[in-house]
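**Q** Now for the letters of each chain:
2 protein chains.
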Amino acid sequence: EILKSFSDSCDIITLENEFVDHNRLKFIENLGKKVVPSSNTIALIQDKLLQKRTLASNNIPVADFHSVASKNDYKTTSKKLGKRFILKSRKMGYDGYGNFLVKNQNDFEIGVQKLTARHSEIFAEKFVDFDCELAIMVLRTSREIKSYPVVETIQKNHICHTVIAPARVSHSLIKKVKEIAIESVIAVDGYGIFGIELFKQGNKIFVNEMAPRPHNSGHYTIDACVTSQFENHIRAVLNLPLGSTKMLKPFAVMINLLGKKNDSGIVEDYNKALKNENIHLHIYGKKQSRIGRKMGHITLTGNNLDELLKEGIKTEKQIII
Amino acid sequence: EILKSFSDSCDIITLENEFVDHNRLKFIENLGKKVVPSSNTIALIQDKLLQKRTLASNNIPVADFHSVASKNDYKTTSKKLGKRFILKSRKMGYDGYGNFLVKNQNDFEIGVQKLTARHSEIFAEKFVDFDCELAIMVLRTSREIKSYPVVETIQKNHICHTVIAPARVSHSLIKKVKEIAIESVIAVDGYGIFGIELFKQGNKIFVNEMAPRPHNSGHYTIDACVTSQFENHIRAVLNLPLGSTKMLKPFAVMINLLGKKNDSGIVEDYNKALKNENIHLHIYGKKQSRIGRKMGHITLTGNNLDELLKEGIKTEKQIII
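Heads up: the protein sequence lines correspond to chains A and B, in order. Residues 36 to 356 (the working numbering) make up the first sequence, in order. Residues 36 to 356 (the working numbering) make up the second sequence, in order.
Hints were generated in silico from the structure; no laboratory data involved. Ideal Cβ placement from N, Cα and C applies to all residues, glycine included. One thing to keep in mind: the hints can contain errors.
Claimed, not checked - FRET-style restraints, in silico, Cβ to Cβ: (1) A:94 with B:179: 53 to 61 Å; (2) B:54 with A:349: 42 to 50 Å; (3) B:323 with A:349: 46 to 54 Å; (4) A:119 with B:353: 57 to 65 Å; (5) A:178 with B:52: 26 to 34 Å.
Please model the complete structure; the sequences and the hints are all you need to start from.
**A** Shown next as structure tokens:
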């Protein structure tokens, strides 16, 4: 009844995250309401093991993975993936929550216990010793597929910390990443906007995971591109012509403002950031700060990447939140 | 009681328009709450006769004006202002509402009757046969005064229709306009953001009127400047460092989308606009369209002004709202 009345009040439905059970979305679709991305796409993404299987079966490069049923599965898992691998919750994981690095049988048993206590099902994925992580936003309507620039992402404690646009990799690799990302969206029959995270290891690319929504690695588009990921999300959902994904300046750097204390969400010492015309300050207005929590971000745009990075790192240190 | 409870719920108060009675704002200030712009500034602006007197007494060039008490005042008024002048409501006028052009005694009597029926008090202002109209947004905090580029505004039926940024006038005139605009803000002891409209007649400049808020002539800043007038409004109200007012591309054209029918506010035929990456489409979501009502706007940015104007005019014709 709640879903029905919600659905009746909407013209079209999209998602802020991939954690809504796909069966509920299917129920809404069966009422005759359009959901973008569809329940089918969400089903293929929200279960990370199913996501990996879908990508692999479409010949999209992913790290080797293996289903894990219990803590007795160490031998078969390590035989397939090697000694270093990651245990992952199949559902509800984000920002490293739901991941557990395994180096030996003892780790494995602790990890299985820890993750299955919170989440019913898990799987294991080979540890990729990557040179760097890349990401790209892809847009798709019934008439167009379009992507934003490939970016470099730097994580700290599994949380996206810095995004550099465009990525400092070769043209041929950029082309490869774009092709793989677009194939990934097609593989899940995706319409709307998608953030695809990838590992680069030499000339090899592996899809790490995909998100069926605007993504932290695309926040830079608000200030750095002709059309932001949020406007293009809505355009894509409404099947309207997509806006230009070009950058306004040669380079952009986005740095997340992660909570530095467990306290109220009040921001301090941001005046220097406001004074710098290359810096765009975004504060999310969360009422509580927690160490490591995403409280805002800064985007720097300009012609000299080294300067932007230096300025950005300095500014991130100054702002207390 | 209502004002008190409203005031208690706010940290600081600003205005969307200049039509809130300044006495109410004074009441809120007396409760100890900060209002930006202040009740005093609003008092000097919301009564257009008082505004003109304040500007004139600060040696800011304005068209000659004359107080009008009744329809018996034609002789004294026309003696001072000449045969062509405008009757204006002292309060609540906007977009030409509350204005009446007078060419003879008969017009005068009709005008006085018409305007005083709606509004208690009126005055008269000399008709300025201008070459073009200019406008500029000025920002002021306790530490900074800053302005956006001087723009050209083209009105249709007293409603702002097209804005061209920057204005196609000489550097010396730009400088003059900026000085006059800043003096105008200081004259009303203004803090916050102000839109100042001016007439250009040869090398002469007259302040037409000022608005103590973001202004239609500043809408182009959303897409065309480093910081939009809306962000800078909030920065100024909070006495924060002001954002850069520089343009991102050499030229911008803003064209209002005025209602073309009396109907629902549903927009049609905007796909071509969305396909053009120089065009930024803004729809206000008003539920009802009315002929001439401001329903949205488009902003075009780029390197070639003539092309932007041509493209803009074509696009405005295409969109049905």
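**Q** Does each hint fit the structure? Answer for all of them.
**A** Results of checking the hints against the structure:
1. One distance hint, 53 to 61 Å for the beta-carbon pair residue 94 (chain A) and residue 179 (chain B), holds here, with the actual separation near 58 Å.
2. For the hinted restraint 42 to 50 Å between residue 54 (chain B) and residue 349 (chain A), the CB-CB distance of approximately 45 Å keeps it satisfied.
3. With their beta carbons about 51 Å apart, residue 323 (chain B) and residue 349 (chain A) fall inside the hinted range of 46 to 54 Å.
4. About 59 Å separates the C-beta atoms of residue 119 (chain A) and residue 353 (chain B), a value consistent with the hinted range of 57 to 65 Å.
5. The hint said 26 to 34 Å for the Cβ distance between residue 178 (chain A) and residue 52 (chain B), and at roughly 41 Å that hint is violated.
The structure fails hint 5 only (numbered hints given earlier).
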